[in-house]
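Number of protein chains: 2
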Amino acid sequence: MSEIIVFRYGHRDVRDYRVTSHCALVSRAFGATSIIICGNKDEKVTNTLKGVTKRWGGKFKVKFVKTWEKELANLKKKGFVLVHLTMYGEMIQNVDKKIGKNDKICIIIGSRKVESGIYEISDYNVSVTNQPHSEIAALSVCLDRIQNGNELKLEFSGAERKIIPKKQGKEVIPLK
Amino acid sequence: MSEIIVFRYGHRDVRDYRVTSHCALVSRAFGATSIIICGNKDEKVTNTLKGVTKRWGGKFKVKFVKTWEKELANLKKKGFVLVHLTMYGEMIQNVDKKIGKNDKICIIIGSRKVESGIYEISDYNVSVTNQPHSEIAALSVCLDRIQNGNELKLEFSGAERKIIPKKQGKEVIPLK
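If you're matching them up, the sequences are chains E and C in order.
Our numbering puts the first sequence at residues 43 to 218.
Our numbering puts the second sequence at residues 43 to 218.
Chain E with its partners taken away, still in its complex shape (with noise of 0.2 Å):
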């Protein structure tokens, strides 16, 4: 499987701590290794992600940047390929599987409007639908895709507990 980074574009304060919540719990549950949040540093983000890595494991990582345009450059230079979502972006089931052949992906998502140089640096700029809905369900679709349905059945190394699937109730199995 490729490695995935996610770039978090324009958090601000307390108000987006859930949305950027969610983002980084679909970064990793979706198979990133990473997420890069451009923006104001915020310890609750990292604290809720702390708390998810150790109950539930793997090794995924949150850090603030100030501004993208240093670590864009940076990943670039590391040979990540830059997939900024944009509702304006050609569509994503023309290029995912192209894209899902890259080893190293950077997903960029913004919230609000996105300055100009973000689509310029960007390998691609792709569409989840051209219509106004949600980072979040870009985010998640993108990465569904991109990796073919494959992270679906990620394992986490060093987890506490593990969910068992069921189709009625629930099944937790501690592993420590």
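By construction, these hints were calculated from the structure, which means they are not laboratory data.
Incorrect hints may have been included.
[Claimed, not checked] Cβ-to-Cβ under 7 Å is the rule here; a few derived chain E residues that face chain C:
(1) Tyr130
(2) Met133
(3) Gln135
(4) Ser169
(5) Thr171
(6) Asn172
(7) Ser182
(8) Val183
(9) Asp186
(10) Asn190
(11) Gly200
A virtual CB, placed ideally from N, CA and C, is assigned to each residue, including glycine.
With chain E held as given, fit chain C onto it using these hints.
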């Protein structure tokens, strides 16, 4: 394509506005005909969706209900298959094709703890990974999979504008 309704369980108040709005916007963009929100009436959600539907088209509806029991029983009586998304359920990759064959589908998404009656009344309890993440992500991946990607090609009638998908930049054309 199937007729799809989304049922959102557990909207409380202003804290939930953004996440519930994302759920509603995803439902609309991914081809559901309406969202039924169980919880406290929130005009802000209704107005956000009215505005989006006016500009971007379609006939999407938002409805609030106080309790889930009668509503879900009614949908079942009308022939809707109830699909409850939960991290404890059986794996989506094993049931997506089967679910997608139904003419009428109601997708149930919770937020916090969901009453056990929801598990029992549902025809399917389905997980999108068995990791904690986001009901917005689970909803979007489920809608993409059960419709086999056909929702990505939807056109919305009566829109004031339309996006022309582009590799770079933005192109929006007026339709009225």
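Q.
Hint Met133/E vs chain C: min CB-CB distance below 7 Å?
A. holds, 5 Å
Hinted contact Val183/E with chain C - closest CB pair below 7 Å
holds, 5 Å
Status of the hint placing Gly200/E at chain C (closest C-beta pair under 7 Å): violated, 14 Å
Next on the checklist: Restraint: Asn190/E near chain C, CB-CB cut 7 Å. Satisfied or not?
Outcome noted: violated, 11 Å
Next on the checklist: Just to be careful: measuring from the Cβ of Gln135/E to every Cβ in chain C, is the smallest value less than 7 Å?
Outcome noted: At 5 Å from the nearest chain C Cβ, Gln135/E passes the 7 Å test, so the hint holds.
Practice task
For the hint on Asn172/E, just tell me whether its beta-carbon gets within less than 7 Å of chain C.
Solution key: holds, 4 Å
- Should the interface hint for Ser169/E be scored as holding, given a Cβ-Cβ cut-off of 7 Å against chain C? Constraint on Ser169/E satisfied, holds at 6 Å.
Exercise. With 7 Å as the cut and Cβ atoms as the points, is Ser182/E at the interface with chain C?
Worked result: holds, 4 Å
Open item on the list: Take the shortest C-beta to C-beta distance between Tyr130/E and chain C; is it under 7 Å?
Closed with: holds, 4 Å
- Message: Quick check on the hint: Asp186/E CB to chain C CB, less than 7 Å?
- Response: Because about 5 Å separates Asp186/E from the closest Cβ in chain C, which is inside the 7 Å limit, the hint holds.
* Asked: Does the interface hint hold: is Thr171/E within less than 7 Å of chain C, judged Cβ to Cβ?
  -> Hint on Thr171/E: holds, closest Cβ of chain C at ~5 Å, below 7 Å.
Of the hints listed earlier, those the structure fails to meet are numbers 10 and 11, in rising order.
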